[in-house]
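Listed here are the chains, written in short residue letters.
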Amino acid sequence: MKHGTKPRPPAGPELHGLLAEFDSPGALLTAAERVRDAGYTKWDTHSPFPVHGIDEAMGIRRTRLPWLVFVFGVLGCVTGLALQWWTNASDSREFSFLPAHLQGYAFEIGGKPLFSLPANIPVIFELTVLLAALATVIGMFAMNNLPRHHAPLLAQERFKRATTDRFFVFITAADPKFNATRTHHLLSGLGGSAVESVAASSEPAHLPRSLIYATTIVICLLLLPPLFVAKARFTKSAEPRIQLIRDMGNQERYKTQQVHALFVDNRAMRPQVPGTVARGDLRDDAHYYEGKVSGDWATTYPPQLEISESFVRRGQQRFNIYCAACHGLGGAGDGIVSQRALARDTPGWTVPTSLVNQTVIERPLGHIFNTITNGIRTMPPYGDQIPEQDRWAIIAYVRALERSQNAHLEDVPVELRPELR
Amino acid sequence: MNPNMPQSELSASRDFRRPAARVAGVACVVGIAGLAAGVASGYSAGWEVFFRSYLLNYSFVLSLALGALFFVLLQHLVRAGWSVSLRRLAEFAAGTLPVLALLFLPLVIPLWKGMPGVWMWSAPDVVAADPVLQAKAAYLNVPFFLARCAFYFLVWCVLARYYLHQSVAQDTDGQPRRTLAMQWWSAPGMLLYGLTVTFFAIDALMSLNPHWFSTIWGVYFFSGCLVGFFAFLALLVYLIQGRGQLASHITVEHYHDIGKLAFGFVVFWAYIAFSQYMLIWYANIPEETVWYLPRQGDTWWLSVSLLLLFGHFVAPFLALISRGPKRRPGLLALAAVWLLLMHWLDLYYIVTPRPSGFAAPAAPLHLTDLTLFVGLGGLFVAALVWPMTRWSLIPERDPRLPEALAFRNI
Chain A
1279 MKHGTKPRPP
1289 AGPELHGLLA
1299 EFDSPGALLT
1309 AAERVRDAGY
1319 TKWDTHSPFP
1329 VHGIDEAMGI
1339 RRTRLPWLVF
1349 VFGVLGCVTG
1359 LALQWWTNAS
1369 DSREFSFLPA
1379 HLQGYAFEIG
1389 GKPLFSLPAN
1399 IPVIFELTVL
1409 LAALATVIGM
1419 FAMNNLPRHH
1429 APLLAQERFK
1439 RATTDRFFVF
1449 ITAADPKFNA
1459 TRTHHLLSGL
1469 GGSAVESVAA
1479 SSEPAHLPRS
1489 LIYATTIVIC
1499 LLLLPPLFVA
1509 KARFTKSAEP
1519 RIQLIRDMGN
1529 QERYKTQQVH
1539 ALFVDNRAMR
1549 PQVPGTVARG
1559 DLRDDAHYYE
1569 GKVSGDWATT
1579 YPPQLEISES
1589 FVRRGQQRFN
1599 IYCAACHGLG
1609 GAGDGIVSQR
1619 ALARDTPGWT
1629 VPTSLVNQTV
1639 IERPLGHIFN
1649 TITNGIRTMP
1659 PYGDQIPEQD
1669 RWAIIAYVRA
1679 LERSQNAHLE
1689 DVPVELRPEL
1699 R
Chain B
124 MNPNMPQSEL
134 SASRDFRRPA
144 ARVAGVACVV
154 GIAGLAAGVA
164 SGYSAGWEVF
174 FRSYLLNYSF
184 VLSLALGALF
194 FVLLQHLVRA
204 GWSVSLRRLA
214 EFAAGTLPVL
224 ALLFLPLVIP
234 LWKGMPGVWM
244 WSAPDVVAAD
254 PVLQAKAAYL
264 NVPFFLARCA
274 FYFLVWCVLA
284 RYYLHQSVAQ
294 DTDGQPRRTL
304 AMQWWSAPGM
314 LLYGLTVTFF
324 AIDALMSLNP
334 HWFSTIWGVY
344 FFSGCLVGFF
354 AFLALLVYLI
364 QGRGQLASHI
374 TVEHYHDIGK
384 LAFGFVVFWA
394 YIAFSQYMLI
404 WYANIPEETV
414 WYLPRQGDTW
424 WLSVSLLLLF
434 GHFVAPFLAL
444 ISRGPKRRPG
454 LLALAAVWLL
464 LMHWLDLYYI
474 VTPRPSGFAA
484 PAAPLHLTDL
494 TLFVGLGGLF
504 VAALVWPMTR
514 WSLIPERDPR
524 LPEALAFRNI
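Chains as they are written, first to last, in the working numbering: chain A, 1279 to 1699; chain B, 124 to 533.
Looking at chain A on its own, in the form it has when it is part of the complex (with noise of 0.2 Å):
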């Protein structure tokens, strides 16, 4: 059992360090505290099983990785938390200056507070334990330089019994302490049953190449299916949604006027709890909602509208799709709707109102907001398409019409007179 035991000559390759081999946790452990007694840092001991109190017989100290994991562990609290406050409950309008797909949005489900812990903790409990766990097995791989493809102590033939019955301590030469002979010394007298000099690997530290084969193919695989999403994004196709698993944006429910046996009156569709009301359907502003101020029509905008420019711009926009097509673009009543009736000689067609009338003029504002909402002889209701705002901003914009086809030279800027023929 003794061969072996002289270090190799200088000539051979070059010495990675010395290994003693042992017979017994017992005298691993006396081992272990002759070699920490020595000075040495940077050595290690191997053995088929956890030892007790090896720690301290090598000298090492706790380790720092829990500081780790604790680091981590509250930043996946802090990242829950902050995912949750941006996706669900962060003001888009505070933010407007990014992009709009980087903004959050108010995001409310069946009446709940945006943001709320008792909600959110979930999701904040499963970051922090994902990244308190990931922190703990790749912190503790890579604090142990681990992984490696390749050590030279695996070459050693007596070290394949370290998973069975035999117990070692290595010293590297990198050891600042180390010194062939001396630590070869040391090492044989400490009791072991042999010491012997590892050589530097004189394998090329290449990865195996059947390794690269399998790497290569599987980041090709990995590279699928974001071009798969890429390729839903940037194109279109007429086919359905593929549902993998039928989520809710599928499921089985209740339509209306559908029979429902749990309710006494047999319906599925719920009136609306006596005394209460919806959510943003409280009208209690008659001057906004209905035009009306102590009972008379308002003649001036609801205090909360500002009237600017883009404000008549939008009651544009809005009156051209609504309005023009009976009223006409210029408001006098001429709207293709009318001219093609009035072609075709249609029976009880009534031409529409001429807006920019006097009568209209002086209408007050309530009185067509009204018009709008209601209707008017044939003219169908608008309040179900028309928002209360656009309503206003359609008269808005109805004022200004009159206002042109009604000007007088001083109303024109005096730099475009000239223009004027």
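Please keep in mind that the hints were generated in silico from the structure rather than gathered at the bench. For each residue, glycine too, the CB sits at the ideal point set by N, CA and C. Worth double-checking, as some hints may not be accurate.
[Unchecked claim] For lysine to any residue, the following SDA-like pairs were computed, each having C-alpha atoms within a straight-line distance of at most 20 Å:
1. Lys1390/A - Tyr361/B
2. Lys383/B - Lys1320/A
3. Lys1390/A - Phe397/B
4. Lys1390/A - Lys383/B
5. Lys1320/A - Lys1390/A
6. Lys1390/A - Gln419/B
7. Lys383/B - Gly1337/A
8. Lys1455/A - Pro1344/A
[Stated by the list, open to error] One-sided and incomplete, this derived list gives chain B residues near chain A with beta-carbon spacing under 10 Å:
9. Gln298
10. Phe397
11. Tyr400
12. Trp404
13. Tyr405
14. Asn407
15. Ile444
16. Ala529
17. Arg531
18. Ile533
Given chain A's structure and the hints, the job is docking chain B onto it.
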């Protein structure tokens, strides 16, 4: 530590028999005095208040014994070596279950006699006016309830007696086959334990609000039992070692592991309690939120809820997460006292509020809550300490004892 410790050192705990007898005697006297004071204060506060306080403090001592029974079963189930020197104390704590079975009688005698007790579904006039309770009467009726309770206590007493007696019999004959037998029975025992504790929690505590239901309820009660038990175990070991006993049998390594388990179950309790809360909060269905309504409705109960959140989870989580406090017995014992207080508060939060819609009593906290704590606590301690006057504090000839004595955390 030397695993081949001489027998004389293992038997050192025999000196403890006289002080143990004194403690048991004092605890018994204090317990009976507390019970008498409880009856007296209950007489003036009304029987409903008395029975609620009794159920609260009874649940507290019962949860410690049930936690101990779980610990004993678990150590056998996983063939644990490290915990052998702690196991006898848990066997003693579980051994109080026959006494606790007797102490359950004051709660069921009113039902037997057809008087209104603490559970409102047992009152015929309440059921007659309540269609939901009529629908549940197939399960929530007095004879079936009594039969179920008898079954739970039968299972617990048989298991507790079996494990205690096998273990102390091994002290004299040293038969390893007793260890194998206890191991074999631990698996079916654990199954029975899980079912009985779950259904007991439903019957005794959830049915205080008989309209309400929570499918996680059994686990919630169980998690509290374990928090209470590990805190109690740490405190018990600390107090016994303060009397100069077990100094070399239970080391800082064992404290460390009790601390880890206490920490783990604190987190488990929070996980379960929050799981129950969040689903009910999120769905916001009246028949489920009704349980939380009286518990958040006024300042007192909202404060109790928040104290549970911070005192039963956040504070012990931060206190026990690092290695240091778990390896300092004094600090761990301090944390254990705090956790026991919080465990009591958790049960107070469960038991005391009346169901939503019922008139709350004048005060949320009564003198009976305190006197009955002293009474039932005293009797529990007496029942726990009395066996220490007869038997050793550790399983002296358990085959795995050397492993426990040499135990070290890696």
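Please flag the earlier hints that this structure goes against, numbers listed from lowest up. Numbers 1, 2, 4, 5, 7, 8 and 9 - these are the hints that the structure violates, sorted from lowest upward.
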